[in-house]
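Protein sequences, first through last, are from chains W and V.
Under this note's numbering, residues 1 to 302 are what the first sequence spells out, in order.
Under this note's numbering, residues 1001 to 1507 are what the second sequence spells out, in order.
Keep in mind that the hints were calculated from the coordinates and are not lab data.
We put the beta carbon where it would ideally sit given N, CA and C, even for glycine.
Among these hints, one or two may not hold up.
Partial list, computed: chain V residues near chain W (C-beta under 10 Å) [claimed, not checked]:
hint, residue
1, H1151
2, E1152
3, A1154
4, C1172
5, A1262
6, V1265
7, P1337
8, M1340
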Amino acid sequence: MHLERIINLLLVIVLSPLIFGIINRTKAIFAGRTGQPLLQSYYDLWKLFNKGAVYSQTTSWVFRLGPIVGLAVVFATATLVPLGRLPAVIAFDGDIILFAYLFGLMRFFTVISALDTGSAFEGMGASREVMFSALAEPAFLIGLAAISAQRHSLSLTGMFTGADTAFGAYILPVQLLVSFSIFIVFLAENSRIPVDDPNTHLELTMIHEVMVLDNSGPDFGFITYSSALKMWLLGAVLVGVLVPSNGNVWIDMSLSVVSIFVLAVLVGIVESSMARLKLLRVPQLLLIANALSILALILVLR
Amino acid sequence: MQDILSVSAYNGKAIDLQEIPQVSITQFRTTIIDAVESGCRIASLFAMFSKADKRQLYVVLASDDEDKLYILSAEVNDSYPSITVDCPQAHLFEREIAEQWAIKPVGHPWLKPVRFHQPYRDVPDIWGRGENEEILPSVMEFYHSDGEEIHEVAVGPVHAGIIEPGHFRFQCHGEDVLNLEISLGFQHRGIEQSLIGGPNKKTLHYMETLAGDTTVGHSTAYCQILESLAGCSISHYAQTVRGIALELERLANHAGDLGALAGDVGFLPTASFCGRIRGDFLNMTALICGNRFGRGLIRPGGVGFELNSEISEQLCARLRQEEKDLAVAVNLLWNTPSVMARFEKTGTISAELCGQLGLVGVVARACGIECDTRLNFPLGMFQFAHIPVSTWHTGDVFARAYVRWLEIQKSIAFILDQIKLCPQGKVKTDIASMGPNKFCVSLVEGWRGEICHIGITDSDGVLCHYKITDPSFHNWSGLAIALRDEQISDFPLCNKSFNLSYCGHDL
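Extracted from the complex, chain W is given alone in its bound form (with noise of 0.2 Å):
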């Protein structure tokens, strides 16, 4: 059982920054182009942990605890998400709030940090993500109650590792709907287009990666290697919901790592297909998903 445990962290902890690599090759392959290396992302880390990092004076101590805390809570919130049947290192009833308000906690330090530079930039980056991430909280959290009646168990682990993970169990109108709802707070939550353009260079536009302007050096690749294992730990919820499981621990482990990368690809096919919303109409996109979840949780409950 420890093993199973640990080999779950190890793959957060390894693969997670291959997520980014993939959305790129998918979107390069839609564009015509060969695109970076897959293992880009492993490189520009390792880049970043060997710089230094430069600090305007504007800042406070508040700024350089941003990414630390950042990184901390993520690898907190790693011990709490099982991988198809790996169990989750730590798991007990009501796990579900912990992991979601985690995250919350992440983005209350990412908020601070950035409104502790002063910039305007900064200052609406932040406001665009508090108002956001309000409006996906609740589309997450009752999705996941909905799986959480029908799964009978109210932490992760007992959710996604459960008999009940068998496609026998599927209520299929359930588990689409919340897959839905999941993979619109998924989009947001890692500001990827429709929600956010994390390629754009315009300051005026961003959202998440406006906070994070001022940020260099080690202190950045923390903030980009938090981003990569939030993208995979929301993505391995999002495998949970939707992937059956098929009885053979390492048959499933494989194949939630499988379904997490495609994921990715369908990612990449969403930004290489569409335009980034207007920001007044984000909240709308949100509210789409707050109602798929309550139409899958009436369904459970019904």
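Put chain V on the given structure of chain W with help from the hints.
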């Protein structure tokens, strides 16, 4: 008014300085206001100082309805009643005159420096800055709003895309922009002043790099001035090559802009393909003259390179291929709802506002105004072959993008026609020296819009004044107005849809 404006001038035709109607400053002012009210545009308004300390204001009014140019002149003292009060489109010209010559337009509602330099004559400037004081760009009073929920965002001068420097101040209420003030001048090089006493060997190179992306446009305008001041004409062949080069420049920039617009809304396919196709168009210019931006191609008296049949054939083949590729990439924009949702009703300018501000080029045509120098004031190739004017009526980002696409199609057709009909002729003729005491206006429809050059010679037949008005000079205020009540997150998109030049404005 009719009497004063009875003398009409022609694009690229030199006239004697004495022929220009001289009026009093009061009459000068009312004539401009009346003319603009009845549909004229200020193509250029500037002051000239002669050696005898005689200050002279000149205005070139363009009537797009009558296809006529009117020139008027008046003597001024150190101040005069501002024209801007009754004619908003004069505002930047008056600020420019005030900064360059310390002539104060009394009552100007927005009298701030334009390019941040000392006046050209030896007097204190009108803002009371000391003679030896270092003048830094963007150091001035900005318009600002107060209130609990109002915040100010300052962008630049270092641009996020590391293009050219400019400073933008937004007054915002949450995500809404109340006001945008644009302050330029970081690229001021003093080109106009350095041309006095010319032309010399450097002049042409200054013209080619006035605005790097409009090399052909500006160098054509300059060459037309030299040729007409010298009373020479160039061969039909050279005119054809110039026309082709101008349209190639338009193609490259329009294709690049459409790609960049797609990139700004995060729409990958068009962004990637148009980026490549822009390069292909630039390479076509390089095929003719060896330089992607057309440097060395336009020369006084003709062109610097020959367009032989081998190059022509290759050009035709490449153009046909690009036309197909571009149609696929660009039509994807109009067929993607998420892109259209971003483009439509963003950064709208009404036709009325456009007329008041005197906007030109793609921006004006996107407001439904039919103004195109190639049609209204044709010179060179465009006297013999017309390109239909492309307009759209909505005045938003979509309109500016769509007009670009319409123009791309028409320019490709034009080039293919001209290559087919291209006559034989002299590549370059020698031009004589310039006549004394002449005044010449030269207008060229660059890819952004109307480029206006004015050359004036003194009694020795050398340039004693040279005035350049890049289309950006007219249009920057349009961008500021388009942003009112828009989302601040839509600024980059609006900015790209105008795609104005910083160095063309700063000179």
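Status of each hint after checking the structure:
no., hint, in the structure
1, H1151, "7 Å, holds"
2, E1152, "7 Å, holds"
3, A1154, "7 Å, holds"
4, C1172, "8 Å, holds"
5, A1262, "8 Å, holds"
6, V1265, "4 Å, holds"
7, P1337, "8 Å, holds"
8, M1340, "9 Å, holds"
In the structure shown, no violation is registered for any of the earlier numbered hints.
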